[in-house]
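The residues making up each chain are set out below.
Number of protein chains: 2
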Amino acid sequence: MTDMDRSVLVPALTNIATRLRIDSVRSTSEAGSGHPTSCASAADILAALFFAELRFDPKDPHHPGSDRFVLSKGHAAPILYSAWAEAGAFDRAELLKLREIGSDLEGHPTPRLSFVDVATGSLGQGICAAIGSALNARRIKSDYRTYCLLGDGESAEGSVWEAAEMGAQDGLDNLCAITDVNGLGQSRATMWQHDLEQFARRWRAFGWHAITINGHDINQILDAFAEARATKGQPTMIVAGTVKGKGIAIAEGKDNWHGKALKKGEELDKALADFEKQFVPQPAGVDLVKSIAKPSSRPAEPAAPKPLSAPEYKLGDQVATREAYGAALAKLGAADARVVALDADVKNSTFSDKFEKVFPDRFFQNFIAEQVMVGSAMGLAARGAIPFPSTFAAFLTRAADFIRMMAISNVNVKLAGSHAGVSIGEDGPSQMALEDLGMFRAQPDFVVLYPSDAVSTERLVAAMAWHPGPAYMRTSRPKTPVIYGPDETFEIGGLKVLRESANDVAAVVGAGVTLFEALKAYDQLKAAGISIRIIDLYSLAPVAKDALIAAGKASKGKIVTVEDHYAAGGIGDAVSAAVSEAGILVHRIAVREIPRSGKPEELLDRYGISAAHIVEAVKALQ
Amino acid sequence: MTDMDRSVLVPALTNIATRLRIDSVRSTSEAGSGHPTSCASAADILAALFFAELRFDPKDPHHPGSDRFVLSKGHAAPILYSAWAEAGAFDRAELLKLREIGSDLEGHPTPRLSFVDVATGSLGQGICAAIGSALNARRIKSDYRTYCLLGDGESAEGSVWEAAEMGAQDGLDNLCAITDVNGLGQSRATMWQHDLEQFARRWRAFGWHAITINGHDINQILDAFAEARATKGQPTMIVAGTVKGKGIAIAEGKDNWHGKALKKGEELDKALADFEKQFVPQPAGVDLVKSIAKPSSRPAEPAAPKPLSAPEYKLGDQVATREAYGAALAKLGAADARVVALDADVKNSTFSDKFEKVFPDRFFQNFIAEQVMVGSAMGLAARGAIPFPSTFAAFLTRAADFIRMMAISNVNVKLAGSHAGVSIGEDGPSQMALEDLGMFRAQPDFVVLYPSDAVSTERLVAAMAWHPGPAYMRTSRPKTPVIYGPDETFEIGGLKVLRESANDVAAVVGAGVTLFEALKAYDQLKAAGISIRIIDLYSLAPVAKDALIAAGKASKGKIVTVEDHYAAGGIGDAVSAAVSEAGILVHRIAVREIPRSGKPEELLDRYGISAAHIVEAVKALQ
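The listed protein sequences derive, respectively, from chains A and B. Note that this note's numbering gives residue 110 to position 110 of the first sequence, counting from 1, and the numbers run on in steps of one. Note that this note's numbering gives residue 188 to position 188 of the second sequence, counting from 1, and the numbers run on in steps of one.
Not one of these hints is a red herring.
Treat identical chains as interchangeable: a pair holds within one or across any two.
The list that follows gives simulated cross-link-like pairs (lysine to aspartate or glutamate, EDC-like), each with its CA atoms no further than 20 Å apart:
| hint | residue 1 | residue 2 |
| --- | --- | --- |
| 1 | 545 | 581 |
| 2 | 97 | 602 |
| 3 | 97 | 601 |
| 4 | 556 | 581 |
| 5 | 59 | 287 |
| 6 | 553 | 581 |
| 7 | 599 | 100 |
| 8 | 141 | 301 |
| 9 | 545 | 593 |
| 10 | 599 | 30 |
| 11 | 357 | 255 |
| 12 | 619 | 581 |
| 13 | 260 | 323 |
| 14 | 270 | 252 |
| 15 | 260 | 353 |
| 16 | 526 | 504 |
What the hints contain is simulated information worked out from the structure, not anything from laboratory work.
Construct the entire structure; sequences and hints are all you get.
So, in structure tokens, the structure goes:
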């Protein structure tokens with residue numbers, strides 16, 4: 001937001017745009033790969049955005065009150081890097097290390113760079129994070145604005161329309177998105193090519209203020225930003241018509257130039273020579289870096305979190321872990337103002353409504369749109385919140401690609417998935433999460449928790465909140481008895497040995513509903529004179545490797561795992577990966593076929609994960 | 001499409017709607033769970049659709065020329081079942097077995113029922129399958145029409161808008177969707193409640209013909225269906241305002257009645273008594289079942305597939321498996337007319353463009369919208385096509401929930417994911433699939449293939465096409481040498497032993513790029529006097545358990561797995577699950593942290609999956 005005279009500003013921005021194009025072409029040619037043409041179409045937009053609109057401090061990108069920019073079309077990374085270099089955040093010479101293993105200037109942006117909030121490069125996700133960033137400004141009562149650049153091809157992703165719906169629903173007038181309509185996708189022309197009205201009418205239908213402009217006309221770009229700032233009660237989408245490869249004669253507006261660097265030598269030299277001719281006269285002494293507006297204020301630091309009181313459940317109380325989750329979240333909310341919750345219209349099943357009742361202002365309803373729920377949580381987390389998005393665990397698979405990018409972004413999102421496994425009963429397989437543990441365990445550094453009773457649930461909700469990085473908790477539908485006293489503590493990466501003796505013939509490892517099947521099996525086997533060790537593996541990732549090996553060794557070298565989950569990716573694989581090199585045999589009991597509707601206890605038995613099957617497996621191992 | 005006089009038709013349909021409501025309430029009360037209120041809002045729509053619009057044979061639901069109906073709001077399953085019972089497909093008494101373990105009338109519909117094409121119950125998916133069903137009618141040159149009922153809450157799912165875009169883009173005037181706008185979600189009022197214009201304007205903006213009606217006015221419903229039939233060049237969305245729980249006094253239009261059955265006894269009895277009063281006088285002798293229009297014609301059976309000629313690659317040729325995949329697909333297309341391909345704007349990277357060039361009419365471009373690509377493939381497969389949707393394997397995670405439902409549906413979709421692992425190099429982690437094997441292996445009965453050279457790729461593309469049920473093939477970006485002769489055969493569930501001796505100290509199991517690292521390690525170890533067995537595990541699911549155990553036993557009981565994939569869910573877990581109970585030690589080499597940009601060979605080494613690391617691991621095991 002500069003008040004510089006346009007006669008000075010426009011030529012200066014034009015020349016910055018040319019420099020950004022030069023950088024993008026040069027760095028990708030040096031790397032031998034990348035997307036210079038996708039950068040070139042966005043150069044004028046980025047020049048105007050960074051050097052006449054955004055309020056930020058190039059030396060302090062994390063400033064909590066600074067405007068945010070999310071590059072949703074992440075493949076245009078080189079021009080993002082170039083803009084930050086132009087602003088003085090780092091030495092321009094670094095740009096030539098693009099895509100090298102020793103440089104953080106990667107092929108697509110990641111938060112390894114201080115000026116990147118969330119990783120982008122899987123299309124349609126940045127705009128969801130931008131929703132979260134805009135919500136966060138409200139949360140911390142800051143006037144910072146969020147900007148987001150999308151590609152036109154990207155707009156086919158359904159997640160973009162989930163974000164559109166939520167942006168309008170929440171009236172996010174502190175959000176301004178721009179679609180770079182260059183008309184060309186990776187493999188062919190985009191759906192609507194340069195028909196800007198196709199975009200504008202969709203965004204208007206979804207409740208946004210939409211403006212169509214020539215994305216290479218600096219004046220129109222600046223006017224559009226001003227119009228967006230003046231628009232109240234709704235977010236703005238600037239639909240910018242551009243030319244892919246703008247300014248690069250060999251590629252300008254041509255198909256088959258997506259994701260291709262110019263060849264060093266004649267091809268590059270010609271382009272660089274052309275760029276030199278694109279510089280325009282500008283008044284001397286203009287320094288648009290110096291004129292970048294600073295953040296208006298630094299929001300207050302959040303209050304230090306208070307410790308939580310001990311859980312108040314009594315041994316033997318019957319409480320579903322999903323309900324204990326909701327109660328714990330509400331309790332945590334009182335202790336830590338950074339905690340927020342997000343729902344996708346199942347708050348009365350996940351019990352996140354317990355949080356909403358106490359903290360309605362920190363509760364974000366996404367209706368039935370899991371992608372924007374998870375994506376906006378990433379944006380909130382990147383700006384200091386500790387978001388807990390929750391839904392049925394089965395429906396978190398809808399956001400699997402976001403979860404993948406969350407791991408890459410290493411943001412502080414705490415997911416919870418309820419209704420795990422066949423124990424949900426009659427609703428049938430579409431509602432049963434049987435692959436969620438595998439989905440989360442696959443991602444490095446993702447904490448995966450699976451409590452079995454209310455006390456461990458409450459303790460672990462706090463532990464996951466205050467553990468840095470992404471985490472997931474799996475909760476169950478049926479009520480289960482409280483088995484831990486109020487002073488029992490639980491650590492991420494821990495386990496509990498519930499039964500043990502010197503004569504154990506096997507260790508049975510379960511979690512959630514199967515832990516109680518294991519306890520039943522213990523009683524039945526004990527009656528038959530057979531001792532087993534029982535382990536509550538409440539932390540799947542990280543997993544207590546040494547303790548598992550010790551338990552296996554103390555139990556004749558045999559472990560039986562039992563889980564309300566498919567055979568791949570869950571408890572069995574986690575335990576096996578931990579102990580198999582120690583020479584311990586792992587027998588996996590899991591759901592091995594597509595289940596069907598039925599009563600929970602019928603299904604546990606039919607799909608082989610009930611106490612009877614554990615008894616049988618232990619006996620067969622003798 | 002009946003030509004019965006409205007004065008006869010409307011009261012008869014009204015009474016059918018009442019019977020459908022009675023069934024829905026009665027069956028859910030008997031089950032003690034379910035969604036009677038979500039059925040009641042849709043009763044008039046379903047009555048009109050089944051008994052005055054659809055052309056079908058209740059005794060032959062699979063008839064290839066019959067109109068299709070997809071219940072996208074799958075939780076309204078009881079009324080779907082009731083409509084088919086009313087039509088005479090099965091005995092109405094069966095309805096009272098709803099949700100019982102012995103009945104196929106599950107909580108949400110699955111294709112265990114002959115009249116269900118694809119499983120629904122994860123919202124926003126049925127409309128994608130309906131797109132595929134409508135595309136299929138064109139493919140087989142049939143005039144059958146496809147109908148799809150969505151919920152209003154469901155419309156927040158981004159996948160719905162991917163479907164909207166594709167339906168309009170393909171001009172599917174043989175598709176008619178209905179949104180049941182009952183205004184109430186699971187946990188609260190929906191976003192737009194009864195503001196029908198909010199829906200209509202979105203669908204119109206996306207290029208559909210949209211009609212708003214009172215969803216309880218039979219005449220308006222019939223008129224809308226007729227208008228949809230008369231609409232050319234675009235699909236139609238009927239936005240139907242309804243009342244949730246319509247006809248059930250205790251629940252009608254009330255919050256907190258989602259997914260709740262009426263209690264048997266007073267609550268149920270009162271509702272049933274009320275329903276009796278909702279019957280209207282109708283002319284005697286009217287039989288709307290008899291007047292159901294039959295399919296207009298039976299499309300021609302597809303020609304029997306021809307066998308494929310042997311691959312024409314030469315040993316040592318350098319061919320990326322992604323390129324061999326595209327070539328194989330084109331070859332297969334000539335042999336089997338049922339084969340179709342779907343893309344999400346990366347056809348020049350996955351090489352599915354090789355198929356498009358030969359069979360443009362059997363190639364469906366979805367632009368950058370992976371959910372509708374996979375969802376419409378499900379619809380195509382359910383109607384007899386053999387669809388091959390492909391994109392970067394990383395972006396198939398965007399459709400993870402669809403893949404989950406594909407497994408439940410057991411449909412004949414063949415997915416391919418390119419650009420596996422860190423070996424893609426400079427583009428960075430957002431583009432690297434490192435969890436895809438785990439995602440697919442998790443699902444029971446899903447075939448998972450991972451060829452290493454062009455010959456095995458070609459053979460396995462044909463094998464997966466002709467294997468009944470869902471399958472996935474992982475392909476790689478780098479060129480790799482052809483290692484198999486043209487006569488080599490490959491079976492789903494097989495493996496190849498590439499190197500073996502009587503003195504092997506370990507078996508190294510790889511696939512894709514790591515197989516070649518293993519072969520390099522073999523040479524290096526051999527030079528040091530150490531023999532290892534080398535296994536190409538091209539089939540991850542099913543996996544050759546006996547052959548792996550035999551190989552492990554013949555190699556001093558030691559197996560080293562090496563994969564361009566995260567540690568969970570891939571080759572290591574597959575091998576370990578197969579052999580660990582046989583007392584064989586499995587040492588897993590995999591990517592264990594979030595990777596970054598760099599050259600492929602740098603990344604293989606940095607993330608520990610290169611030949612040097614295999615050599616080191618084998619030596620450490622001695």
